[in-house]
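Participant: Position chain B against the provided structure of chain A, taking the given hints into account.
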Amino acid sequence: MAVQTIFPVTRIHEPLRVDVEVQNGKIVDAWLGAHLFRGMENMLQGRDPRDAALFTQRICGICSSAHAIAASMAQQQAFGVVPTPAGQLLTNLIFAADIIQNNLRHFYVLVLYDYVKGPDMPPYTPRPQADFRLPPKVNDELLRHAQEAALKAVRAHEAMAVFGAKAPLQQSIIPTGITERASVERLMAYSAILQEVTDWVEKYFINDVMTIGEYYQDYYHIGAGYGNFFSVGMFPSPVTGERAFKPGLVVNKGQVEPLDVNYFVEEIRYSWYKDDAGRRPPAQGVTNPDADKPEAYSWVKAPRYREMPLECGPLARGFINGDYRRGVSVMDRLVARAQETLKICKLAQGFLNEIVPNSPSYQPYTPPDAGSGVGLTDAMRGVLGHWMEYKRNKVTHYQVLTPTTWNFSPRDSRGIRGPVEQALIGTPVAEGAGLVEAGRVVRSFDPCFTCAVHMLEK
Amino acid sequence: MLTRREFLKLCMSAVLTTSLTDQLAPIMRQAFAESKLTKPPVIWLELGSCTGNSISLDNAVNPNLNQVLADMLDMRYNWLLNAAQGQQAVQALVDTVEKEAGNFWLVVEGSVMTADNGRYNNIFMRDNQMVTGLAAVREFAPKAKYIVAVGTCACFGGPSAAYPNQGGAKGVWEVIKQPVINVPGCPINPDWVTGTFSHLIMYGIPELDGYNRPKMFFGQTIHDLCQRRQQFEDGIFASFPGESGCLFKVGCKGPVTHADCPKRQWNHYVNWPVKAGAPCIGCANPGFPDSSMPFYNHLPDLQTPLGALNVKKFGLAAAGLGAAAVGAHLVTGVVAKRVGKNWLDGTVPKESEPPENLEQLKQELDDLIRQQNALISESKTLARVKAKRKLPKTFRQKVVDFFRPGQKHRR
Numbered sequence: 026m027a028v029q030t031i032f033p034v035t036r037i038h039e040p041l042r043v044d045v046e047v048q049n050g051k052i053v054d055a056w057l058g059a060h061l062f063r064g065m066e067n068m069l070q071g072r073d074p075r076d077a078a079l080f081t082q083r084i085c086g087i088c089s090s091a092h093a094i095a096a097s098m099a100q101q102q103a104f105g106v107v108p109t110p111a112g113q114l115l116t117n118l119i120f121a122a123d124i125i126q127n128n129l130r131h132f133y134v135l136v137l138y139d140y141v142k143g144p145d146m147p148p149y150t151p152r153p154q155a156d157f158r159l160p161p162k163v164n165d166e167l168l169r170h171a172q173e174a175a176l177k178a179v180r181a182h183e184a185m186a187v188f189g190a191k192a193p194l195q196q197s198i199i200p201t202g203i204t205e206r207a208s209v210e211r212l213m214a215y216s217a218i219l220q221e222v223t224d225w226v227e228k229y230f231i232n233d234v235m236t237i238g239e240y241y242q243d244y245y246h247i248g249a250g251y252g253n254f255f256s257v258g259m260f261p262s263p264v265t266g267e268r269a270f271k272p273g274l275v276v277n278k279g280q281v282e283p284l285d286v287n288y289f290v291e292e293i294r295y296s297w298y299k300d301d302a303g304r305r306p307p308a309q310g311v312t313n314p315d316a317d318k319p320e321a322y323s324w325v326k327a328p329r330y331r332e333m334p335l336e337c338g339p340l341a342r343g344f345i346n347g348d349y350r351r352g353v354s355v356m357d358r359l360v361a362r363a364q365e366t367l368k369i370c371k372l373a374q375g376f377l378n379e380i381v382p383n384s385p386s387y388q389p390y391t392p393p394d395a396g397s398g399v400g401l402t403d404a405m406r407g408v409l410g411h412w413m414e415y416k417r418n419k420v421t422h423y424q425v426l427t428p429t430t431w432n433f434s435p436r437d438s439r440g441i442r443g444p445v446e447q448a449l450i451g452t453p454v455a456e457g458a459g460l461v462e463a464g465r466v467v468r469s470f471d472p473c474f475t476c477a478v479h480m481l482e483k
Numbered sequence: 080m081l082t083r084r085e086f087l088k089l090c091m092s093a094v095l096t097t098s099l100t101d102q103l104a105p106i107m108r109q110a111f112a113e114s115k116l117t118k119p120p121v122i123w124l125e126l127g128s129c130t131g132n133s134i135s136l137d138n139a140v141n142p143n144l145n146q147v148l149a150d151m152l153d154m155r156y157n158w159l160l161n162a163a164q165g166q167q168a169v170q171a172l173v174d175t176v177e178k179e180a181g182n183f184w185l186v187v188e189g190s191v192m193t194a195d196n197g198r199y200n201n202i203f204m205r206d207n208q209m210v211t212g213l214a215a216v217r218e219f220a221p222k223a224k225y226i227v228a229v230g231t232c233a234c235f236g237g238p239s240a241a242y243p244n245q246g247g248a249k250g251v252w253e254v255i256k257q258p259v260i261n262v263p264g265c266p267i268n269p270d271w272v273t274g275t276f277s278h279l280i281m282y283g284i285p286e287l288d289g290y291n292r293p294k295m296f297f298g299q300t301i302h303d304l305c306q307r308r309q310q311f312e313d314g315i316f317a318s319f320p321g322e323s324g325c326l327f328k329v330g331c332k333g334p335v336t337h338a339d340c341p342k343r344q345w346n347h348y349v350n351w352p353v354k355a356g357a358p359c360i361g362c363a364n365p366g367f368p369d370s371s372m373p374f375y376n377h378l379p380d381l382q383t384p385l386g387a388l389n390v391k392k393f394g395l396a397a398a399g400l401g402a403a404a405v406g407a408h409l410v411t412g413v414v415a416k417r418v419g420k421n422w423l424d425g426t427v428p429k430e431s432e433p434p435e436n437l438e439q440l441k442q443e444l445d446d447l448i449r450q451q452n453a454l455i456s457e458s459k460t461l462a463r464v465k466a467k468r469k470l471p472k473t474f475r476q477k478v479v480d481f482f483r484p485g486q487k488h489r490r
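As you go down the protein sequences, you meet chains A and B in turn.
Counted the way our numbering counts, the first sequence spans residues 26 to 483.
Counted the way our numbering counts, the second sequence spans residues 80 to 490.
So here's chain A without its partners, still in its complex pose:
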């Protein structure tokens, strides 16, 4: 038995430690440990409920808009207000731009150097001792595209800032909509950038992912995991409230079933937290950090749905919406993400066409003294939920349930591995390559621990 460790797993957000047990050149067991605790939800206690959207964004600088949107949904429910049509559409536009930005950066900045030889300078050197298979010409072309992609991600963030004031960490989302007006020139500005980015995504992004898939065909068979997916949907329509991406549950690559969020529970057997109950639904969660806990190996708790670990993210949404169902693997995750980016570009165009210029983008309101609300939306990397309760204009209970918590959960009380731990099983690893294959599996999930490591607090 040989346990090998990668720490830090680079090119992901925040500290992740991966331990794998290798036998006969294959991973037979895996443990994922997240190594940062900030305790953000405890901080929301006693604060003004109107601040939730601005404050919770600080949980994550990569998908800040997703947190703002989930929080504002919770606020809307708690305050008893609904978004104005333009407000909802503009919020969708901010979110769409942020997702496009995230997906481009994930592939071209974080994932690419697993498969492509970077330029001969730090930080691309030293280079992993990996089996780089691309012919030099293809390699160079992809590097060139990576430079352009960086520029397109910048443009996508500019589009986000058109209505979001700035990016990342936009500042204009409030319950009922956004503070920026949908003037004709702003809509034009967004539209111009969107067109430019859409063209690029259509022309290069998907092709580049497919190119890598061609040379690394075995990665269509590596990193399968359980094949259990879920999503709560995203991009609500301003009129019907129906989401452009539908919610649903898929068990073992089967049919789409309805999802009931009341079945969410979280366990802490292998997480650095003290709690006698061991498992709790999010609504009653507590968090007492305990860095000395024996057996524990992560700051992430283990969320489960009817005892099942579930995977979320673009591939999950692909399965549920019928956009992508080829299979479950490292490459499938990357391809599904690229395809989804294009779909979102086109959805954004639809939102733009629906907006009546200069129609009210928000509605002034006065929050009642007390209330509670839940905000559920898919973020870039999966399901995000915010639970808020407040009395006498002070938050009494706030919880965040984030995508990476689901994907990168440690084992639960029955010893069942989290989705990524499971996906690592069976991955072949070459001697002396520094576990580059494990890194490829992990990065296909777009991990981000800035949010995951301080979830569920009371």
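No wet-lab data here; the hints were simulated from the structure.
Take the hints with a grain of salt, since some may be wrong.
Stated by the list, open to error - DEER-style ranges, computed between Cβ atoms: (1) B:Q306 <-> A:D394: 35 to 41 Å; (2) B:R205 <-> A:Q172: 42 to 48 Å; (3) A:D224 <-> B:L454: 43 to 49 Å; (4) B:S92 <-> A:E267: 44 to 50 Å; (5) A:P382 <-> B:Q306: 19 to 25 Å; (6) A:M146 <-> B:T82: 25 to 31 Å; (7) B:P258 <-> A:E332: 52 to 58 Å; (8) A:M146 <-> B:P379: 48 to 54 Å; (9) B:P379 <-> A:N277: 54 to 60 Å; (10) A:A27 <-> B:P258: 27 to 33 Å.
Virtual Cβ for every residue (Gly too), placed ideally from N, Cα, C.
Facilitator: Quick look at chain B alone, frame taken from chain A:
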């Protein structure tokens, strides 16, 4: 190469049409090509952060990330960018610290988690030992040439250090003895970082303020530079975020926030919060976010040349007095009770029904325009009539005293 004076002028210019990075990149490239400068080796540590500053810095990168990396910095360790992982990446870090001691820059993003001796944040493993962020900063800092804290978290603790701060998050300068250059912001504006880095490369440490922030970017308040400043002076206030008018009453922290957002703006001059109708939340301030919250409540006191004035007592008036030199229109406003009336009426957001059809919307708009026109003409008449009237000194004193906060506010 630019002289330092020219450089500062460029950084502080209000008429840039592209990002600062775009302006600086060719200059830097040439300077390196002529071997006038050497690229500094950089170790970029990410601690208790949300990675927002890295993402924001990526936005500066135009034409692209690789070129700026090639043109300005020798980025040896940055786990968001390192191609290597695990042991190999740690080796690159250790080698840089050893071989470039006294030469490398230590850039820190995110706050140092100090609770339980730093165990809430491990950042890498060396010789089978987990190394905490706290230990790494303390170990590397004495060997670094410059230490730069990027983002409010690294500078002052930031959101990670908000009450009750169980992780014990602190700013870098609170845990080490070396001087730290603080570039705050949540997130940073990319120009602030590229500008500071360029200054370090070309001329060394820039002029810093009391919080060790580069004065070229943090020397003035948002309020001083704000495009809505005139509306503040005129007593035109938004009563809800998103409305036109000065956002002071709905929580803008611009008067106490030192940063140049209004002229620099964000994402290549696309927008910035106040322009988008969102109040400034003071994200570059020490003490952010606790000192700024609730975000949508206005500041309790305003510092003016006349002393601390309490805005709860008479909101805008304080503002007007702050600009006491402007005198005339302030006094007119006060005498006419226009300023005060606007202030008090708007403090509580009014309930209103959304218009049900286009007719109603049109009606509401017409009403609004009528009201505005009335206000404008009223203020014009008042300015003409009342500004001429000279007030006796004692009365002016009374006005000033009235705006002063109670005993406990006196400074």
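Participant: Take the hints in turn and mark each one as holding or not.
Facilitator: Verification of the hints:
1. At roughly 36 Å, the beta carbons of Q306 of chain B and D394 of chain A sit within the given window of 35 to 41 Å.
2. A beta carbon spacing of about 33 Å between R205 of chain B and Q172 of chain A contradicts the range 42 to 48 Å that was offered as a hint.
3. About 48 Å separates the C-beta atoms of D224 of chain A and L454 of chain B, a value consistent with the hinted range of 43 to 49 Å.
4. For S92 of chain B paired with E267 of chain A, a C-beta distance near 49 Å keeps the hint of 44 to 50 Å intact.
5. With their beta carbons about 22 Å apart, P382 of chain A and Q306 of chain B fall inside the hinted range of 19 to 25 Å.
6. The hint said 25 to 31 Å for the Cβ distance between M146 of chain A and T82 of chain B, and at roughly 30 Å that hint holds.
7. Here the CB-CB span from P258 of chain B to E332 of chain A is close to 55 Å, well matched to the stated 52 to 58 Å.
8. Between M146 of chain A and P379 of chain B the beta carbons are some 52 Å apart, a value that agrees with the proposed interval 48 to 54 Å.
9. In this structure, P379 of chain B and N277 of chain A meet the distance hint of 54 to 60 Å, their C-beta atoms being roughly 58 Å apart.
10. A C-beta distance of roughly 46 Å is found between A27 of chain A and P258 of chain B, which places it outside the suggested range of 27 to 33 Å.
This entry does not satisfy hints 2, 10, going by the numbered hints stated previously.
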